[in-house]
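2 protein chains.
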Amino acid sequence: MLERTSGFLLDERKIDALEIGAAILGTGGGGNPYIGKLRAREALRQGFKMRIVPLETLPDDAVVVSLGGIGAPLVSHERIKEGKEGLRCIRALEERLGISVDAVACEEIGGQNAMEPLITASAAGLPVVDCDGMGRAFPEMQMTTYSIYGHRSTPSVMCDLHGNVVIFEHAASEKWHETMARACVVAQGGASTLASAPMSGKFLKQFAIPGSYSRAMALGEAVLTARRAHADPICAICESENGRMVFRGKIADVSRTIAGGFVRGKVHLTGFDQYEGDEGSVLIQNENLVFLRNGAVEVVVPDLIVILDVDSGEAITTEMLRYGQRVAVLALPCHPLLRSEAALEVVGPKGFGLEGIDYRPMCEQERERVAR
Amino acid sequence: MLERTSGFLLDERKIDALEIGAAILGTGGGGNPYIGKLRAREALRQGFKMRIVPLETLPDDAVVVSLGGIGAPLVSHERIKEGKEGLRCIRALEERLGISVDAVACEEIGGQNAMEPLITASAAGLPVVDCDGMGRAFPEMQMTTYSIYGHRSTPSVMCDLHGNVVIFEHAASEKWHETMARACVVAQGGASTLASAPMSGKFLKQFAIPGSYSRAMALGEAVLTARRAHADPICAICESENGRMVFRGKIADVSRTIAGGFVRGKVHLTGFDQYEGDEGSVLIQNENLVFLRNGAVEVVVPDLIVILDVDSGEAITTEMLRYGQRVAVLALPCHPLLRSEAALEVVGPKGFGLEGIDYRPMCEQERERVAR
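Protein sequence lines correspond, in order, to chains L and R.
The first sequence begins at 15 in my numbering and counts up one residue at a time.
The second sequence begins at 15 in my numbering and counts up one residue at a time.
Extracted from the complex, chain L is given alone in its bound form (with noise of 0.2 Å):
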């Protein structure tokens, strides 16, 4: 039995905290956390309880359903949520299952899934177990280091704001899950809620990304601090997630389309400052996927590649690339559990169709710039 008090409670500022730190683990992706945020602050405003319990803390046979969004970023900023749909998929799951769920866990802690567990576990009277499944955001829901590592994410439920609950009641494989709750989401109108097959306290100690709400509070906190302080915020980015700056330039081009539920592109940088004459590209499904520097690669997938606006530090999401916009672009290094062989199938180059682009750990090229 989870214990009524444990963990801590978010306030409004550690939600504005959550806000900054989940758009840059968002890496460009998982939905802009700022209406998200809004509603999770009305959450709170109303009376309702944000608690996170720490992952080490959760019981072994503790019964946990980890949900989120689904559907085109851009889409759930222009169309607001019903409100409840997380609340009916807990809902419709326990029915289906005929359990009762002892917490919430994020899918996604980067971009608006960090918000989403917070707003339906707080209508649940529910707490959010402090991990997610990503570390970062993906645009895939098999993605996720729970289906990597063995997690059945079938039956899971879908609930739109028409009303609509679809049961995914067996997927043949997780990428089907995938395929079918993506064409649902597209017919529902491209924004819906989904919970997953609920996971055991011991599943998830072994395999989730821990300290994923922690992580991200502490880097918006980071952000805050050096804006007081008219301290870079970038370098203060870099410091908190142990990354480094790789490109500061101008946006020449911005390529985009919106196509079977993803946003899909490239854009184009030119170089400034230290970076002066050099060429960068980052290519982008709803997230950054690879960053290249004079047509060569650099970044690469499950590692995060961050693009923010050079002077505030401000994280920006995939669809509000602009021509001319003056960004940084960031490399953090992802969480270990993304970095298996078993995880580089699916969440690495080749997991996106990226042909002919290989992962290298942005540690192991760290190690080789000191070397040197």
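These are computed hints drawn from the structure, not numbers from a lab.
The list treats identical chains as one, so a pair stands whether inside a single copy or across any two.
Here are the simulated lysine to any residue pairs, SDA-like style, with alpha carbons at most 25 Å apart:
no.	residue 1	residue 2
1	Lys-98	Ala-186
2	Lys-219	Leu-358
3	Lys-264	Cys-252
4	Lys-280	Arg-307
5	Lys-280	Met-334
6	Lys-98	Gly-61
7	Lys-98	Glu-183
8	Lys-98	Arg-110
9	Lys-63	Gly-97
10	Lys-189	Ala-273
11	Lys-98	Pro-169
12	Lys-98	Ala-197
13	Lys-189	Glu-96
14	Lys-364	Gly-203
15	Lys-364	His-176
16	Lys-98	Ser-187
17	Lys-189	Ile-94
18	Lys-264	Arg-340
19	Lys-98	Ile-49
20	Lys-189	Val-89
21	Lys-189	Glu-92
22	Lys-98	Val-115
23	Lys-364	Leu-306
24	Lys-364	Arg-374
25	Lys-28	Ala-240
26	Lys-280	Val-89
Once you've looked at the hints, dock chain R against the given chain L.
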């Protein structure tokens, strides 16, 4: 309780007749029943029993599930079913609802979906009710008398050949059910099987189209008898169905695309024999929807428009229409349940987005013709 000995058993000859009748009632859509016939025949040869029970003998409290294939007819010809999709649908629905199904009903007597209930029911050891929800074929799921007269078809279960199982737990409307299921079947490869929420015997006796199997088999028998007697099968069809021939001509052009799981298009005909000098055309969405003579609308859905080989009287499905084919076009009156105001909203020209085309029942036209 349904009596185990009521109704009649099918044999291969009846299946042959059903194939011919169902193809004609398919009005170009519903999939060519040929492959379904082979599957049904194989089941008979393996020893499965196919029993058809009259609609009027159903107990009021009988639990009846209607089912059928969903997807693009063309796909179901090129990719053969695994075979037990329908049975998995029934079992998943029974498990979801905690019920025991008494009998299977047909969604759509036209085309391949005439065979699917027989194959599934025989495997489940259940009878098939002599009725359907269309009296023909229609391209969308909400176009049944079941839905039109108030049955909510969710929770429903959709199964594909990969083993995927999706439960449409609740749909905001019958049209939403169709929209989501259609998106999902496209994701599953374009041809799956769907079983809808159970109906009571009482409901069916009021709102199902009665005698669909008997009628389709009688129609097929009439064609077989005419062929054996070297008589004109087209006359035999018109007599059996109280219809009339509206055109004879050569196909001069076919425009046809597959989009969103549907076959859509238009067929142009150049008249011969008594129609020499006339132009005919047929608008299609999986089925033949409108017949125009020299640009003027003459027969409109839900009345049946059938295109047949002019010599053999064999029905030609929309995906088999080719330049140069010599065809006859028949018009057959639809069942009165499809002609109510409520029905025409769904299965009349408006239901298909055919702006500016009004439905005028064939029988009225006939009466005027006789009066003149």
